[in-house]
Every structure is written in C-alpha cells, then in structure tokens.
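> Letter by letter, the chains look like this.
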Amino acid sequence: MATSAVSLEPAAHVEAHELSFLRKYIFSTDHKIIGIQFLLMSFVFLLFGGLMAMMIRWQLGFPERPLPAGQLLPETMAPGGILLPEFYNSLVTMHGTIMVFFAIMPLLVGVFGNYLIPLKLGAPDMAFPRLNMASFWIAFSAGILMMAGFFVEGGHAAAGWTAYAPLSADPEWTGVSGGQQIWLLSIAILGLASIMGALNYITTVVNLRAPGMTWFRMPLSIWALFVTAILVLLAIPILSGAAIMLFFDQTIGTHFFDWTDGGQVILWQHLFWYFGHPEVYILILPAMGMVSDIIANGSRKPVFGYHSMVFALISIAFLGWVVWGHHMFQSGMNPTLGMTFMISTMIIAVPSAIKVFNWMGTMWRGNIRFHVPMLHSVGFVAMFVIGGLSGIFMASTPVDIYIHDTYFIVAHIHYVLFGGSLFAIFAAVTYWYPKMFGRMMNSTVGKVHFWLTFLFYNMTFFPMHDLGIAGHMRRIYDPSQYEFLQPLAPLNRFITVSALLLFTVQILFAANFIMSWFKGKKAGENPWEANGLEWTVASPPPHGNFAKVPTVYRGPYEYSSPLVEEDFLMQTRKLASDVDPAAAGP
Amino acid sequence: MSWILPPGASTFAGDIDFLYYVILVITGIAFVVVEVGLLVFAIKYRARPGRKAQYIEGSIKAEIIWTAVPAVTLVIIGLMSGGVWNHIKGRNSIPPNAIPYEVHVKQFEWNFTYRGPDGQLGTSDDFIVRNQLHIPVNRPVELQLIAEDVIHSFFVPAFRVKQDAVPGMDIRVWFEATKVGEYEIACAELCGLGHYRMRARVFVHSAEDYQQWLSDRAAAADEE
Amino acid sequence: MRRFWVTSCLFAFLGCGGGDGGSGGGGGAAETAPLGNASISGMVMFLGDAPANPAIDMSEEPECAAKHTDGPTNPIVSVTDGHLANVFVRVVGGLPGGPYPVPSEPATIDQNGCLYVPRVVGVMVGQTLAITNSDPLLHNIKAVPTENRLFNISQPRAGMTSNRIFTAPEIMVPFECSVHGWMNAYAGVVEHPYFAVSGADGSFTISGLPAGTYQVEAWHETLGTQSGDVTVEADGSATLTFTFGG
Chain F
197 MATSAVSLEP AAHVEAHELS FLRKYIFSTD HKIIGIQFLL MSFVFLLFGG LMAMMIRWQL
257 GFPERPLPAG QLLPETMAPG GILLPEFYNS LVTMHGTIMV FFAIMPLLVG VFGNYLIPLK
317 LGAPDMAFPR LNMASFWIAF SAGILMMAGF FVEGGHAAAG WTAYAPLSAD PEWTGVSGGQ
377 QIWLLSIAIL GLASIMGALN YITTVVNLRA PGMTWFRMPL SIWALFVTAI LVLLAIPILS
437 GAAIMLFFDQ TIGTHFFDWT DGGQVILWQH LFWYFGHPEV YILILPAMGM VSDIIANGSR
497 KPVFGYHSMV FALISIAFLG WVVWGHHMFQ SGMNPTLGMT FMISTMIIAV PSAIKVFNWM
557 GTMWRGNIRF HVPMLHSVGF VAMFVIGGLS GIFMASTPVD IYIHDTYFIV AHIHYVLFGG
617 SLFAIFAAVT YWYPKMFGRM MNSTVGKVHF WLTFLFYNMT FFPMHDLGIA GHMRRIYDPS
677 QYEFLQPLAP LNRFITVSAL LLFTVQILFA ANFIMSWFKG KKAGENPWEA NGLEWTVASP
737 PPHGNFAKVP TVYRGPYEYS SPLVEEDFLM QTRKLASDVD PAAAGP
Chain E
12 MSWILPPGAS TFAGDIDFLY YVILVITGIA FVVVEVGLLV FAIKYRARPG RKAQYIEGSI
72 KAEIIWTAVP AVTLVIIGLM SGGVWNHIKG RNSIPPNAIP YEVHVKQFEW NFTYRGPDGQ
132 LGTSDDFIVR NQLHIPVNRP VELQLIAEDV IHSFFVPAFR VKQDAVPGMD IRVWFEATKV
192 GEYEIACAEL CGLGHYRMRA RVFVHSAEDY QQWLSDRAAA ADEE
Chain H
337 MRRFWVTSCL FAFLGCGGGD GGSGGGGGAA ETAPLGNASI SGMVMFLGDA PANPAIDMSE
397 EPECAAKHTD GPTNPIVSVT DGHLANVFVR VVGGLPGGPY PVPSEPATID QNGCLYVPRV
457 VGVMVGQTLA ITNSDPLLHN IKAVPTENRL FNISQPRAGM TSNRIFTAPE IMVPFECSVH
517 GWMNAYAGVV EHPYFAVSGA DGSFTISGLP AGTYQVEAWH ETLGTQSGDV TVEADGSATL
577 TFTFGG
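Residue numbers (my numbering), protein chains in the order written: chain F, 197 to 782; chain E, 12 to 235; chain H, 337 to 582.
Keep in mind that the hints were calculated from the coordinates and are not lab data. Predicted model, so just to flag it, every value in this text is computed and none were measured. Hints may contain errors.
Said to hold, decoys possible - Pairs of lysine-lysine, BS3-like flavour, derived with a Cα cap of 30 Å:
no., chain 1, residue 1, chain 2, residue 2
1, F, Lys770, E, Lys190
2, F, Lys718, E, Lys63
3, F, Lys744, F, Lys643
4, F, Lys643, E, Lys63
5, F, Lys220, F, Lys744
6, F, Lys744, F, Lys718
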C-alpha cells in the first residue's frame, strides 16, 4: 500500500500576513480552532440536555411538587411549576435529540475528528479547510434553529427523538406543528454539516498521511474516526431523506407515511432505524478508538491485538447495517424478520466483546498510571460492558417482547451513551486539553470528578434495569396511574436524587475546564509521555502544525519497547535501526 | 433491587422468563469476569517504582477463544429464542380455537369489541366495552388490533404480551391466561399527551364466571 | 465564554413564552355602549319523540361516574318537554356592520363529570374562551377547526384553566377529549355579539340590537340548521321560534 499520495507543504506562507481576530478565531479554517468551536458549542448543548433530564427526573421523582424555578416557565409548559404531560413529552423528545445530535455526536466526531486527524497523521490541516469551517457554522445554525422550536406556538416536537409517524406527521395528534417542522429542518441542516465533515475526514485520512504513516501504523483513534466518517457519509443521507419526506407530509400534502392515502406508517421506522442503528455506532466507535489510545498510554503497553481491534471496528461498522430491525421487533413487521435481525444482532455483540477483552489484555501486565484520562477510560470499559451485556437481553426477540419500551432499554441506552461515550469524552477532553490549550487540567479535581460521577452515574442508571424488569414503560409522565408501578415510586425518587447529584457534580468538570484555561499548569509538548505525532509539536500547535513534514517509523503503541530505555517510543523518533520510508516510493 | 421478573399469568411467561434467566446467568458471569478482571488488573498492574510493563502485542490464541466462545454462546441463545418467538408471534401460530376480539385503539382509550352471544364478530349483537377486556382462563384469545390514529402498543406485563398497533395494518396478537384475576394493560408506544394514562384492565374469569358476565352484558344491552 | 452563552440562553429561554393561542386577556376593549336596545327572544322546539341518547360507560372513571346519580348518557339531543337545548342561534344578516367591541369577560366551558358543560358555547372572534377542569383527572381539549388554528392541550388536574382565542369566525369549532371519546362540545365563533345558545327550556335571547330586520340561523349538532327572519323596533322585542324534529 502506498505510504501517502499527496502531502500538503507546511503552510509557512500563512505567517506572512496576520489574520484578524474574526478570521483567526470565529471564521477560522484551522482544524484545531474548529475542533474547539465544536467543543464549546457541544458543551452548551450538553448542559441544556442535562437540564432537560433534570426536569424529566423531577417529574418522575416528585410529581406533585412544583419544579424549582418552574414558575418561570410559561403556562403552556408548566402552570404553577408543574409540568404538563405534553411538555413532558417534549422534554423527553428534546433531551434525546439534543444529547444525540448536538452533544455526543459533535463532541466525538466534530471535536476529535477535527482536532486529531491532521495532527495524528502528520498533516498541516484537513484536506478541505474551508469546507471544514462551513461544516461548523452550518452545524451551529442547525443548533440555533433547533432551540428556536421551543418558542413557537404548540411547543417543540413531542413525538420522541425517534419521531415515529403518524404521531409526528399530523399536528392533530400532538397539537405540535411548527415545532416538529423546525426539528426536521434542523436535523436535515445538521446532516449537511455531518456529511461535509465526513468527506473531509475520509479524504484527509486517505490522502494526507505523512510518509511512513501506513494504514496499520495509524492509531485506533484515527481508524475509528475514519470508519465512523464512512458510516456518517452513508447513514446521514437516509435520515435527511426521511426527514424531508416527513416534512413534505406535514407541509405540502404528500402521503409517504399516511396510511389513509396510500402511505405506509412503518416505512418511517425502517428509514429512521436504517440510519439510527449506524448512528449509534457513530456515537461509540470514536469513543472506543480514543479509549484504546489512552489505555495503551496509561498501561505503558501496546494495545493488545491491534489488528483484531481494527478488524473489530470494521466488523461493527459493517454489521451495523443489517441489525436495524431489532428496534422494530414488536412493530408489526413480518415476524420472520425478527429471526433474521435477532441473529445479526447477536453476532454484532461479538466484535464489541473482542474489544473489551483486548482492552483488558492491554492492561494485563502493564505498569498502569492512573492519570485522569486513564481513570475515565477504565470506567468506560467497565460501563460499556454493562451496556453491551444488557443488549443481549433485548436481542432475544421473546425477551424483547417484555422489555421493549421499558426502562430496561433506557438503562441500556444510557450505559452505552453516558457510561460509554460520555466517559470517553471526559477522558479524551482531559487527555488532549493540554495540546488544545497549552495547560493541564487540575488532576485532583479531575479525580474527584471521576469518582463522584462514577458513583452517582451508577446510582442513577443501574436501578433503571430494575424498573424495566418490573415492566415500567418509557416516556410515562405519571407512573402512579398504574397499580403495578406504584411500588416503584421510591426507586424513581432514588434515581431522581442520584441524577440531581450527578448533574451537580459536573460543575467540577466545568470549573476545572474553565479555570485551567487561565490558571492551569503550563503544558509541555508531551505531558503524558505518549507516542502520537501530536505530542511532537508545541502545546498548542502553531497554525500548520508541523514546521516540516514528519516521517513515521513505527506504529503508535510502542510503549515499554525493548528497543529503548524509556517506556515510550514516539512514532517519529528515528532510531539507528530505522529506514526512511521515502526510499520505498509510492 | 431485584432482577426477578414479576409473576407471570400466561402460557408465554414460562418460556420467556426461562430465556431471560438463561441470559441473566450468562451475562452475569461475563459481567463478573470483566469487572473483577478490570479491578484485579488495576490493582495488580498499577505502576510502582522499578516496575516495567511487559511488551506484549497480542495473542492469536486469545483472540480465537474470545471470539469463538461469545459467538457460539450468542448463536445458541439466538436459536433457543427463535422457537419461542415463532410460537408467540408467528402468523400461523394463532390457535384456530382462539376466541376473537377486536380492539379499537385510539388516543387514549382501548375499545374492546366482544362477539356477543351469537359467537360471531361483525354482527349486530357485538358490544363494546371501554378499557375492560374480559376473557376466560385457560382459553386462547386472539385480539385484532385496529389503531385509529397513531401507533399504540398493547402491553400486558403479567402475560408477557406486547404488540404495536399500527394504523393501516392488520395486526393480531394472541395469548392464553393461566390465572384468574385482574391485570393491567398499558400502552407501550408514545402516542401523545395521554400516553401515560392509557390504562385498561384484563379480567380473567373462570369459565362459568365468563359465561355469566357475557350473558349479563347481553341482557343489559337488550335493555338499552 | 461558556458562562456567557449559558446565561444569555437561559434569559432567552425564560423571557419568551411557549406561545399558545394567547393566554390571558381577550380583546381588551373596554365595554362600550351596545348598538341598540332591541332584543330577539325565542324558543327552540322539538316535535315528536326525542331520540334516545346513548349511555356512556364511565365504569373506568369512578370519579366521574360518581357525579352522575343516574347512569350517564351523552346529551346529543337534549329535549325537555318538547324544548330543545344546545342550539346555537345567531344573526347572519341585517347587521349594520362591525367592528364590534370584544368583551373583556371570557366565555367559559368546563369539564365536569367527564362531560363538557355547556355542550355548546358562543364566543366572539378575539374574545377569550376560558376552559376549566372540574374533574380530578386528565382531560385534553382537542380542537380541530377549519378556519382557526388547531390545538390539543391537557389539563391533568382539577382547578386548571386554559385560555384560547380564536382569530376567525367559524361555525362550529368541534372540541373533543381524546381520553374520553364521548366528550364533545362545540364553540360558535362569531365576529359580532349577536348570538345565544338555547337553554334546557329551549329559550334564548339576543339583545343589544338596533332596530331592523334580521336573518337568524339556528344550528344543532345532529339535527341540522334552520333559518328565520325577524323584525324588531327600537327598544322593542320580537320572538322567534325554531322547530326541529318531526
């Protein structure tokens, strides 16, 4: 395989003219600035999504008590501070929507895709820097539009983040019309941004690897982002198409999902989940990749089974296209499909299991430094495995009959998205913070944040498995309507209190993030003694990243190598025994 | 905090609950192995002065074992599940002697249509009861779910029964109750602001009580 | 940087309302003197045997069932001694022309015993309709008009009030409760104040008219619409009778 086709010359010419503040920090084409822009935007949405979760939990824990500061909300949402059922449905919808599309996805794909890909490959920037800038501002606009939906008559979308037709298609069933349309438009616009980003990532990985950076010398974080970008490119257009079809049903009189006029109701579910299942892998693969990098660094050992890990990433992505029906086992689709989707779903658990064992294998016989990113990464493995194992229950179609649309599913979702993705995000932000901002985050605050988050997180979400086993349905404004759910009220209260504590504790992370920006200990080039190319340049790196094109001599995980005294061996360090790859030619 | 399922009251509960417990044991073992493993590794291999990590890149043998064992286990679970699934949801699995009902499902009520004394649905002696399903014990029943507006889902936790009701689709669900008593029905698909209150009840009668109830209803209908 | 965003977004969030059809306050104009002092008083009759109203099965709503001493029936055709209630009567022709001042007092409709009370209500364009819940359980008020904006709002507890304003005349805006499929009501939205709803005794009065000749329509939800003409003197009164059924 050719080592690299085209390398951009380092962008020395940029230093010739100093850019204005606007061009440097607002409308920047520098992938590092764009990555940080995505970071700040996503954190704001993470906060909003979390606030909504607190409101949902308040209703479930203390339904008779007015929400604190609830009187500030208008009468159409919470008269006297007590949520109305339609507003509760809207909160549930928007919590999911904002967390998936405007928090987790941009944090993993927008932030780290942008920040890491050029740096870790030895490139001065993305293949298409202006397209990159456009993708951020389009995503940002989609976010503003999405928030506008709260202010229209009828309220925001309230048909779930999954927006099943006909509930989402005809305003008569929810009283929501403008809100759902805004939701659809915003999703379509965000999709455009994602597709642009994916094109950039794929092109950069294929074309801009530095000499010596062969495919199998790429770090797993980049492999994961590359595979994710391919998933984005193929899956997002389906969502956009479905959203446009639903928008047309709402506005111009088409009947795609209207059974009264030739349409098919469950067509929406097929389209949505055909996107939706690859989407959940989009939400976890980058996390897995970055955790691999960090666990190797923390353990001072190569990733166990690097090639297997790559194979597992590709298998998960590939198999992810043929499992979507497991979201629809009870939907009324042909039961024979239940069999086929069950088998494929059982099989897709295997590559995830492989990854978990390989992470453990990486730690085995290591010399583990429990820096904050390592803590979060081990936490990721510990909790992702719970999410993965709970998935097996729902993969079995008969068991799914009972647990579908219960809190067992909610537990599963949050173990993989929070216990998984968000812990990986905490790990990755802490790990690459020094490179981004030139300062270290406070380690003590970081450790306290990790342990408290880990504790309150499990106290919040583990009991949800129990709720589900007892039959507690999802998206239920008032469980006390059912006798069989009344005994679960104390558990719901316990979960609510834990969730409030979990949310509050995040202030430690926020404060650490903000204060370290100004007051953190200044970071050198390589504070973690890591091997990747980003650790060969200043913290933060200059525009153009590398003064001259780097040369890569080895893979990314040569920790504790017998070749050198130190317990790490950087990819670009030339040893006496190394040969320059340029001699080999394309 | 309990992972024990609530008591079942239908012929499906035995099979479904068994599968659940098999999966619980298998995943429980995997859970313990991984979490204990992580903890042990974290403690045993923590950095101490003078130690070095062992430069190990992997093990093909390990990869094969931890690929094959999960794969075989999961395929077995899948095959075990398949037969049960087909028995419950297969379109040809509905017992021919099942008592037929229609359920008109709408925001936010369940309207159960009973076939009346003539034993035929779709005749003039059919009657509708809102939010109450009366069935005899130990007899299969078949419900045709007719959704009138949006997707709802017929869920009886005690019977381990759940089936989405989709407007425009002919959807049938069948089950056989095994214990006399009263059980709750919930809607298990978000269907609007009243979704949380879409509660109905199943009354499982002995054979005699069921006949009595039917004739009482028929008599009351005559008086109207 | 993030604090700035958080605070300003929070203010934006709180500062704006969720936006409904307009909560609180109707047309707001102070009451001005009526155009005249004449009135139409009338009677709506029903000939023949009243059709039986269907029984309502409230067995799964005990708090509502308790409010009905006899078995509840759905008062679709409400006849007492040959008089027909819940007929919406309004002037359709002969008026001098608007605009007509909108009262600041709201029209009201309540949900009580799992029935809309009254079943038929009249409201002016721009006037507030105050919808209340007297039942300790969930009702939703779903209106799917043809000339006005649809709404579908909930009142999960007793004592709640929701205000709506209609922006276009419409005869009639249908109301339903999705939780209780038998619950129906109708609102007549009129651009002038010359309308009334017949009571249980079949009587209705439309007052404040100037002298003139008027065309009047009477609407019933299942029995159709009838028309009649009437002439009134200044400060006088005239009678008008509508007869349905037969």
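> Which constraints among the numbered hints does this structure fail? Numbers only, ascending.
Per hint list: 1 and 3 violated.
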